[in-house]
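Novice: Sequence:
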Amino acid sequence: MRKKISQKKLDYILEKARFSNVAKSCRRFLFNYLAESMEQRGYFHVDRMYGAGSGVLLKYKDKFFVLTAKHVLKNNLHGEFQNESPFWIPVKFKPKWETLYDFMFPHLIWNIGELMPIVDCDIVLSDICLVELFEPKKYHFPDHYIEIKNINSVLSKKEFYEGQFLLISGYPFEKNHFDFPLVSEKYTHSTIIHRQTIPGILIKPDDIGYISFQLTDGDFQHENLDGMSGGVVYNVMPKANQIRLAGIAITAGNNICRFIPSYLFIDAILDYQNASYKIIDPIINKPLSLERLWMIQEDYLREFDPKFKSTASKNSNN
1 MRKKISQKKL
11 DYILEKARFS
21 NVAKSCRRFL
31 FNYLAESMEQ
41 RGYFHVDRMY
51 GAGSGVLLKY
61 KDKFFVLTAK
71 HVLKNNLHGE
81 FQNESPFWIP
91 VKFKPKWETL
101 YDFMFPHLIW
111 NIGELMPIVD
121 CDIVLSDICL
131 VELFEPKKYH
141 FPDHYIEIKN
151 INSVLSKKEF
161 YEGQFLLISG
171 YPFEKNHFDF
181 PLVSEKYTHS
191 TIIHRQTIPG
201 ILIKPDDIGY
211 ISFQLTDGDF
221 QHENLDGMSG
231 GVVYNVMPKA
241 NQIRLAGIAI
251 TAGNNICRFI
261 PSYLFIDAIL
271 DYQNASYKII
281 DPIINKPLSL
291 ERLWMIQEDY
301 LREFDPKFKS
311 TASKNSNN
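Take 1 as the starting number for the sequence shown in full-length UniProt numbering and just add one per residue.
One or more hints might be untrue.
[What the hints assert, rightly or not] EDC-like, lysine to aspartate or glutamate: derived pairs with alpha carbons at most 20 Å apart:
no., residue 1, residue 2
1, K92, D305
2, K94, E147
3, K70, D281
4, K158, D267
5, K96, E135
6, K137, E291
7, K286, E135
8, K286, D127
9, K63, D122
10, K157, D206
11, K158, D206
12, K59, E135
13, K61, D143
14, K278, E135
15, K138, E298
16, K59, D271
17, K61, D271
18, K239, D305
19, K16, D143
20, K92, D102
21, K138, D271
22, K63, D207
23, K175, D226
24, K157, D122
25, K149, E135
26, K278, E132
27, K149, E39
28, K138, E98
29, K175, E132
30, K96, D143
31, K74, E84
32, K59, D143
33, K94, E15
34, K137, D62
35, K70, D143
[Said to hold, decoys possible] Distance ranges between label pairs, derived from CB positions:
no., residue 1, residue 2, range
36, K61, G163, 43 to 49 Å
37, D62, Y101, 41 to 47 Å
38, F304, G253, 39 to 45 Å
39, D143, T191, 31 to 37 Å
40, K204, K94, 34 to 40 Å
Calculated directly from the structure, the hints in this document are not laboratory data.
Note that the structure is a prediction, hence the values are computed from the model and not measured.
No residue lacks a Cβ here, since even glycine has one placed at the ideal position from N, Cα and C.
With the hints as constraints, model all of the structure from the sequences given.
Specialist: Laid out in structure tokens, this is it:
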């Protein structure tokens, strides 16, 4: 006979899951607008940040990606990309705002929705994409992400069941809005990074099912959850290292969340290079010269590497 778990113990397990590595792999999208292009202005300058949306930071074959719902990008970008870096991803789970190196920048969108299986369900399975990011720098490396190695890196189909506890984490716009009053001479607007986590129960009237908040955490409508699309869905286990990616949120409202389960998209991730792609940053077709690359690297090391600073100082004194 299975031992009944106390409410106190359940709350403890849920709290541990909320701060697991999988949960902290969730990232907020920060979209931006430039009043003038880099060519017109002579340098890159963001005039306004805006928008909402969530994604899951992944590492696969030594590359970093953000897995998200395709409509997150479509609803915020409105057509062609306005600049070379139309959205940014915080490097760290608890982001800093000290330098541009505190963000990761996109250069390709892989349309892995093309590789999804055909399944009769209430969500559009093709509403998923994989954003490939530029390689982070040595001293600005992500602290939390999901490493994908094979199909066992995510929750398998047989591990889903009716009544299962699943958590959803993301960045709803109502808790991540922008404030535009003049903050200082240097800053024109501000925002906060507030991750919301909601526990739910898996209901399976069909093969995929949906997550219900009815018995767990109160009344959630679309306006409360707008911005959580693309957010991470994960299971609840007694040990944090047993928690795995269970899916990404697609739509939410009326106290339920519909999501794409991990077992349906893992093959598409593993096979992403067979999908079509769209270039975000054209630098991919205009590689920098070795001299320019070295100058960038040297400037970075001079600013952040203590050993390099020390060596440079000694050389300048000789």
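Novice: Now look at each hint and say whether the structure bears it out.
Specialist: Now for the hints, and whether the structure bears them out:
1. K92 <-> D305: holds (19 Å)
2. K94 <-> E147: holds (19 Å)
3. K70 <-> D281: holds (18 Å)
4. K158 <-> D267: Roughly 16 Å between the alpha carbons, so the hint for K158 and D267 holds.
5. K96 <-> E135: holds (18 Å)
6. K137 <-> E291: With Cα atoms ~18 Å apart, K137 and E291 stay inside 20 Å; holds.
7. K286 <-> E135: At roughly 17 Å apart (the allowed maximum being 20 Å), E135 and K286 satisfy the hint.
8. K286 <-> D127: It is violated: about 30 Å lies between the C-alpha atoms, which goes past 20 Å.
9. K63 <-> D122: Violated - the C-alpha atoms of D122 and K63 are around 32 Å apart, more than 20 Å.
10. K157 <-> D206: OK: K157 and D206 at ~13 Å, within 20 Å.
11. K158 <-> D206: This hinted pair holds, its Cα atoms lying about 14 Å apart.
12. K59 <-> E135: holds (11 Å)
13. K61 <-> D143: Distance ~17 Å between K61 and D143 Cα, so the pair holds.
14. K278 <-> E135: holds (18 Å)
15. K138 <-> E298: holds (13 Å)
16. K59 <-> D271: Holds - the C-alpha atoms of D271 and K59 are around 14 Å apart, at most 20 Å.
17. K61 <-> D271: Distance ~12 Å between K61 and D271 Cα, so the pair holds.
18. K239 <-> D305: violated (36 Å)
19. K16 <-> D143: holds (17 Å)
20. K92 <-> D102: holds (7 Å)
21. K138 <-> D271: Violated, because 28 Å separates the two Cα atoms, which is more than 20 Å.
22. K63 <-> D207: With a Cα-Cα distance of about 33 Å, the restraint between K63 and D207 is violated, given a limit of 20 Å.
23. K175 <-> D226: holds (10 Å)
24. K157 <-> D122: Distance ~18 Å between K157 and D122 Cα, so the pair holds.
25. K149 <-> E135: holds (18 Å)
26. K278 <-> E132: holds (10 Å)
27. K149 <-> E39: violated (40 Å)
28. K138 <-> E98: holds (16 Å)
29. K175 <-> E132: violated (27 Å)
30. K96 <-> D143: Measuring from Cα to Cα gives roughly 12 Å; hence the hint holds.
31. K74 <-> E84: holds (16 Å)
32. K59 <-> D143: With Cα atoms ~12 Å apart, K59 and D143 stay inside 20 Å; holds.
33. K94 <-> E15: holds (17 Å)
34. K137 <-> D62: This hinted pair holds, its Cα atoms lying about 13 Å apart.
35. K70 <-> D143: Violated: K70 and D143 sit about 25 Å apart, past 20 Å.
36. K61 <-> G163: 43 to 49 Å: violated (36 Å)
37. D62 <-> Y101: 41 to 47 Å: With a Cβ separation near 19 Å, D62 and Y101 fall outside 41 to 47 Å, so the hint is violated.
38. F304 <-> G253: 39 to 45 Å: Since F304 and G253 have Cβ atoms about 44 Å apart, the given range 39 to 45 Å holds.
39. D143 <-> T191: 31 to 37 Å: violated (21 Å)
40. K204 <-> K94: 34 to 40 Å: holds (35 Å)
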